[in-house]
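A.B. asks: The listed protein sequences correspond, in order, to chains A and B. Sequential numbering from 1 applies to the first sequence in the working numbering. Sequential numbering from 1001 applies to the second sequence in the working numbering.
The hints are simulated quantities; they were obtained by calculation from the structure and are not laboratory data. Among the clues, some could well be false.
Unchecked claim - Below, in silico cross-link-like pairs of lysine to aspartate or glutamate (EDC-like), each with a Cα-Cα straight-line distance of 20 Å or less:
1) A:Lys288 to A:Glu301
2) B:Lys1165 to A:Glu218
3) A:Lys114 to A:Asp209
4) A:Lys114 to A:Asp9
5) B:Lys1168 to A:Asp9
6) A:Lys326 to A:Glu31
Stated by the list, open to error - According to the in silico footprint, chain A covers these stretches of chain B (three or more CB under 8 Å from chain A):
7) 1020-1026
8) 1041-1048
9) 1115-1127
10) 1145-1155
Stated by the list, open to error - DEER-style ranges, computed between Cβ atoms:
11) B:Gly1070 to A:Glu251: 52 to 62 Å
12) A:Gly199 to B:Gly1070: 28 to 38 Å
13) A:Ala155 to B:Arg1055: 15 to 25 Å
14) A:Leu166 to B:Val1157: 49 to 59 Å
Being a predicted model, the structure only gives us computed values, none of them experimental. Built from N, CA and C at the ideal position, the CB exists for glycine as well.
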Amino acid sequence: MRAEYTENDALTQMRAADPAPVEELRRQLGEAELQEAMTAALAAAATPAPRPRSFPSRRRRLALLGGVACLAAITLTLALIALPGGGGQPQFAAAAVEVAEANPRLLVTAPGWKVTRADQFEADQGEVVFGAGDHYLGVTWYPARFYERYLEDRATVGPQEHSTLLGLGATTVHYGRQIYATILEPEGSVFVELRGQVGDRAGYDEVIDSLRRVGVDEWLAAMPASVVKPEDREEAVGAALRGVPLPPGFEAGELEGAGDAVRDQYQFAVEVSGAVACGWVESWIAAKRSGDAAAMQTAVEAMATWPEWPLLQGAEMRRGWAMNVKQAANRIAHDRLNYGPAGISVEADGTAYAFGPQWSLALGCDPHWRMPDDPNAPPSNRPPSGRG
Amino acid sequence: MVAAEPAASPDPARERFERCFREHYADVLAFALRRLADRGAAEDVAAETFAVAWRRRAQLPVEARPWLFGVARRVLTNQRRSTRRRWHLEQRLASESGAAIPASDPGEALERRSSFAAAFRQLREGEREVLSLIAWEGLTPRQAAAVLGCSYAAFRVRFHRARRKLEKQIAAAGHSPGSGQAAAPIPSEEAR
Chain A
1 MRAEYTENDA
11 LTQMRAADPA
21 PVEELRRQLG
31 EAELQEAMTA
41 ALAAAATPAP
51 RPRSFPSRRR
61 RLALLGGVAC
71 LAAITLTLAL
81 IALPGGGGQP
91 QFAAAAVEVA
101 EANPRLLVTA
111 PGWKVTRADQ
121 FEADQGEVVF
131 GAGDHYLGVT
141 WYPARFYERY
151 LEDRATVGPQ
161 EHSTLLGLGA
171 TTVHYGRQIY
181 ATILEPEGSV
191 FVELRGQVGD
201 RAGYDEVIDS
211 LRRVGVDEWL
221 AAMPASVVKP
231 EDREEAVGAA
241 LRGVPLPPGF
251 EAGELEGAGD
261 AVRDQYQFAV
271 EVSGAVACGW
281 VESWIAAKRS
291 GDAAAMQTAV
301 EAMATWPEWP
311 LLQGAEMRRG
321 WAMNVKQAAN
331 RIAHDRLNYG
341 PAGISVEADG
351 TAYAFGPQWS
361 LALGCDPHWR
371 MPDDPNAPPS
381 NRPPSGRG
Chain B
1001 MVAAEPAASP
1011 DPARERFERC
1021 FREHYADVLA
1031 FALRRLADRG
1041 AAEDVAAETF
1051 AVAWRRRAQL
1061 PVEARPWLFG
1071 VARRVLTNQR
1081 RSTRRRWHLE
1091 QRLASESGAA
1101 IPASDPGEAL
1111 ERRSSFAAAF
1121 RQLREGEREV
1131 LSLIAWEGLT
1141 PRQAAAVLGC
1151 SYAAFRVRFH
1161 RARRKLEKQI
1171 AAAGHSPGSG
1181 QAAAPIPSEE
1191 AR
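Could you put the whole structure together from the sequences, leaning on the hints where they help?
C.D. replies: Here it is, written out as structure tokens:
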């Protein structure tokens, strides 16, 4: 049968002429773009049954969502908390140690592998992603009480293989496209799921076999090097704000000490530049309310300098978070700040909520509002302009 | 997830949806981009497709990609049906202004001046679709048959006819098959 489907020049030419090569698209789609697209899909899912006019209607909703791409960066919980110790090595704070003690502290020891992402975890739930080139392995831990539930769910994926890994019973399934997942039996208060794309099954097995349990300090120390550690924080904030016009009442000191947090560079940039942008937009709103045209103009001009801000440099930043700052700058310049909902959250039971305002959530400012989403609600049912 | 509040407890179905989304969003977007000249419209189709996937998250098939393509085809069909009247208006306006009209079938996003594109466009839309599912979406014949809702046998017939016709059109356009290219099988069922 395969002989019938022999490749020929026509199909070869067709492949070469592919107007949308999927691998190129994958490279273009960063985390921010994926998050934005997922938000759009959930917003579409929260919209009542398709209507003839659904496309224009949803397009408007998508426009509202435009600035939410990097909201994930804001809502992601802080990764690690560390305090500078008396010596050269940081002494990890109690909260960080608690997380480290509660989770299995697994590290991939295969050559060339390192932690590529570790920006969200708590004591009983979190994920660390290891990478080597195009290959990755995610180590996710969940509360032990959900073990059976996950095992049952993964059973629907396909045949399960049972083995032993790290002294624990292991169940492996094949998701296709060379993606495998392995669930380990609970240990203590959590269980671990491994999931990765490592070329083929042999590669996957080799990498998961290289997993090693390590101590608290070693595990914490293995987190990505691209983090801003507490001892570097004051200097980093100072450098980040160099040349940046600061809004009235802005206290850099509050940022320098915030939470003694260890964050990766991107999260750090979001936090600091977001604080500046929030301050300027809030200043613009206050000036607009009081009819102070000069103060409005000052805020507009300050925000217009965003392309020069040290933290908003680099291709990834320009494609991601910086777009939110740019959008806010443009909107106050044209008096078109968006006070409407920023997006729709959909609960597991399908209940939808709208939350906003758009400008505030897009920049990670506080506070926010959240209310049941009713697409048919009149505009008066929305929170008033300026709230938040 | 951006739009959602943190879940109170892990939800396997939700997690499967998110993983499905991460693994296949680019595939679905590419599928739509090949059939729509407009990136925004293609993103709308992808969003609608995954909205369906979200609603069916508890029953997502293990082999999600062909299923998603099938959903995306229906979304495209609905979109074209609902916007037909507007499309005619746009066509009339475009013909008056000389502006390009967004197209909506396989291959319309091809580089318009390429000779291959000229040959490809000589095929009927259904023929382009059959070839696209194999050459661009990378489906096996059996998966492509499922997407189109036809039998495997019927797909084979349609595929061979479309391929022969494309070869003729390429030859007519002065692009007869070269001799130096190694023949290789298209993806087999086992490879997926």
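A.B. asks: Look at each hint and say if it fits the structure.
C.D. replies: Going through the hints against the structure:
1. Proximity of Lys288 of chain A to Glu301 of chain A is assessed by CA-CA distance (about 15 Å); at most 20 Å being required, the pair is judged to hold.
2. Distance restraint check for Lys1165 of chain B and Glu218 of chain A: the Cα-Cα separation of roughly 63 Å exceeds the 20 Å cut-off, and the hinted pair is therefore not satisfied.
3. With a C-alpha separation of about 15 Å, the suggested pair Lys114 of chain A and Asp209 of chain A falls inside the 20 Å cut-off, and the hint holds.
4. Distance restraint check for Lys114 of chain A and Asp9 of chain A: the Cα-Cα separation of roughly 42 Å exceeds the 20 Å cut-off, and the hinted pair is therefore not satisfied.
5. Taking the CA atoms of Lys1168 of chain B and Asp9 of chain A, the gap is about 11 Å. The hint holds against a cut of 20 Å.
6. Note on Lys326 of chain A and Glu31 of chain A: the hinted pairing holds, with a Cα-Cα distance of about 19 Å set against a maximum of 20 Å.
7. Figure legend: the segment 1020-1026 of chain B, annotated as covered by chain A; annotation consistent (5 residues with Cβ-Cβ distances under 8 Å, at least 3 required).
8. Coverage of the segment 1041-1048 of chain B by chain A holds [criterion: at least 3 residues with CB-CB distance below 8 Å; count 5].
9. A stretch counts as covered by a chain when three or more of its residues have a beta carbon under 8 Å from one of that chain; for the segment 1115-1127 of chain B and chain A the count is 3, and the coverage holds.
10. As drawn, the segment 1145-1155 of chain B meets chain A at 0 residues by the rule of a beta-carbon pair under 8 Å; below three, the given contact is violated.
11. In this structure the supplied range 52 to 62 Å holds for Gly1070 of chain B paired with Glu251 of chain A, their Cβ-Cβ distance being about 56 Å.
12. Restraint check, Gly199 of chain A to Gly1070 of chain B: a C-beta distance of roughly 29 Å satisfies the suggested window 28 to 38 Å.
13. Hint check: Ala155 of chain A to Arg1055 of chain B, Cβ distance near 23 Å, so the stated range 15 to 25 Å holds.
14. One distance hint, 49 to 59 Å for the beta-carbon pair Leu166 of chain A and Val1157 of chain B, holds here, with the actual separation near 53 Å.
Violation of the numbered hints given earlier is confined to hints 2, 4, 10; the remaining hints are satisfied by the structure.
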